[in-house]
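Respectively, the protein sequence lines represent chains A and B.
Residue numbers in the first sequence follow our numbering, run continuously in steps of one, and reach 321 at the last position.
Residue numbers in the second sequence follow our numbering, run continuously in steps of one, and reach 478 at the last position.
A portion of the hints provided could be inaccurate.
[As the list claims (entries may be wrong)] Which residues of chain B face chain A? A partial, calculated answer using Cβ under 7 Å:
#: 1; residue: Phe298
#: 2; residue: Gly301
#: 3; residue: Thr308
#: 4; residue: Ala351
[As the list claims (entries may be wrong)] To give an idea of the interface, some chain A residues facing chain B are shown, with a C-beta separation under 10 Å as derived from the structure:
#: 5; residue: Arg48
#: 6; residue: Trp61
#: 7; residue: Pro286
These aren't lab readings, by the way, just hints derived from the structure by calculation.
This structure is a prediction, so every number in the text was calculated from the model and none was measured.
Heads up, the beta-carbon is just placed ideally off N, CA and C, and yes, glycines get one too.
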Amino acid sequence: MIRFVGPVIGLGFAFVVLLAFVVGAYTVATEGWGEETAEHEFHLAPRHVEYEHDGVFGTWDYAQLQRGYQVYKEVCSACHSMKLVAFRNLAELGYSEAEVKAEAASWQVPGIDPGTGEANLRPGTPTDYLPRPYANNVAAAAANNNAVPPDLSLITKAREHGPAYVYSLVTGYRDPATYAVDGHALREEFPDFTTPTGLYFNPYFPNLNIAMAPPLTANGQVTYADGTISTIDQMAKDVSAFLTWTAEPTMVKRKQTGWPVLGFLLFATVLAWFAKKQVWAPVKPVKRKDGLDRDLEGGASVTAPQATVDTAHQHPTGEA
Amino acid sequence: MSFPWARQYQPKAPLMRYLDEKLPLPRFVYNAVGAGYPVPRNLNYMWNFGVLAGFALMVQIITGVVLAMHYSANALVAFESVEHIMRDVNWGWMLRYAHANGASFFFLVIYIHIFRGLFYSSYKAPREMIWLIGVVIFLLTMATAFMGYVLPWGQMSYWGAKVITGLFSAIPLVGEPLQIWLLGGFAPDNAALNRFYSLHFLLPFVILGTVILHIWALHIPGSSNPTGVEVKSESDTVPFHPYYTAKDGFGLGVFLLLYTAFVFFMPNALGHADNYIPANPLSTPAHIVPEWYFWPFYAILRAFTFDFILPAKLWGVLAMFSAILVWFFLPWLDRSPVRSGHYRPLFRKFFWFGLIPTMAVLFWCGGAPAEEPYVMLSQIATAYYFLHFLVILPLVSAIERPEALPYSITEAVLGEDKKAVLGENTTPAT
């Protein structure tokens, strides 16, 4: 029965899906491939940027991470939370225990008054997580033109090409009136394109208009504790490096664990290859030296069975 | 059951003799994957993937059980509990990356295993039952993987759950109530997350049970082989141990090298960035795509865009499920008495130049956004997919003239030597 029903079902599905194809092809033929949008034509892929933690041998640049933390603290943390990072984690950036305690105490975190039981603010301790800037999402949206600033803990993993995206975004604000790609001006190709009040034009953002005001506006905006000159580019690089660490604090440990694992496996695999060769030696056909091998269908080469017998006697499998 | 020349288990140590009398578990293992199981001597590396799939299943179960000790299946904290595993649990990042990439490698291995079966027609008598159970395992694995992907409760988890359970709403009359019943609500929420977690923990053990049935069914006719010619004499076989344990050991090494390269150096390459954003029912991701191993079937689902008598969505759902269900009928659709694609000139052409490119196109389109030209490409590929299995395969098997087969496995390996064929010139493997 299946031999009759099968082809009927097969032809049925094929007919329906080809009908859909014809309809789709007709639509394309009459209406084209769909309208071009400013978002599609003028969106830019993130710029290339290099970090010490890149690549399979990458390690953290602790000085850069500390600078990045400073940029986060003095700039980003005004609007963006960092709820997955605790002050104790900062010890991994190279801060001493006393420095971590002092750093935690420099933040005000929500607490409970031990005398009255009422909510209050108290200095942070190493076990506290970084406090969020707004009480809730409604407050966050109200203060930011209806857009909730995303938590930054995982931002570099939550965006394609994360660190490069963050770096490009914070340095990528442009004037839409003069913006052009390869000689094509945005205003000429899409005269209707507008950036509404309260939004900012940024070609690295998927829909080109972002609710975040340019966060890094001037060289020297942050005074680095280590004396590095804080150009906008430097601050963007540092904060994106720091956000790579917050997204995956175990990244360098992961890569460093990987090498011994791969090394061991490579060694074990080579051993397994030789073990396999030795185990199979007695039953593998041996090529004849006099060149009398003939070809079979399927390409298997003809070999001397006699030689196989000898090999089998010489190498009992027990040895393997 | 086994071949008459299969070696018998002979316990030597007193403890093993005692055990063999009371509970012959060592004998069972000896006959299943030890020296007591004679296997064709000509298996190529394509035959490694059954063992690799079993290994991948064990990796998933072991890492999964430990992850379950640290995970919380509650919509309020699930996302944070996964990050707790990544940050605060000792080696938690390694467990989670091993589990997430383990799913991908499990599917990679299963797909190679299935397409090995398709090329060498391993589904044909007397091995139909092995194939049927295998398709059941594949369906169970897909369900398990889908529910596992929901557990981190990221954006793709949430919207994936919504889209896939939404498929059931395409069923006439009972669809909508069925979807609500499956989710335990109108949209994915705590009830859905909890039941997915429960099932995600249960199903791997169901898979394990069906894998045991799969191997049991395999041991009745014995393994197939690249010539498709059945085992005739002792010289056609070698004992599974040490021959195939050694060969599988090498295969396992190569598999682990690739797998750990992903786990330690590009653990997120096969995932989706959106799943590091916590689930948000109010914000739909720009492109909702499942994990890569579902892409071919997702492409078939989306290929049906035209309401022909039935709504397009229902056609898509029917076609997607039929695309896998059709595999159940292969033993009866393919009538050729010859198994191996090596000896089937026409079948071979349709396999390499029809089915494989079609799967590649479906795979590519399934991961792409639902725009032209991807939709049109996937429509052509979907049509070919169904025609291949349901029309071309029965036709080819009826009209094709197969090439000459070797007389025996021994002849295929050692050459056309009459004495070898009679078993006189070869020593059975010891």
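These are the hints, each one checked on the structure:
1. Phe298: holds, 4 Å
2. Gly301: B:Gly301 check passes; min Cβ-Cβ to chain A is 3 Å, inside 7 Å.
3. Thr308: holds, 5 Å
4. Ala351: B:Ala351 check passes; min Cβ-Cβ to chain A is 5 Å, inside 7 Å.
5. Arg48: violated, 18 Å
6. Trp61: Result: violated, 15 Å to nearest chain B Cβ.
7. Pro286: holds, 5 Å
The structure shown violates the earlier hints numbered 5 and 6.
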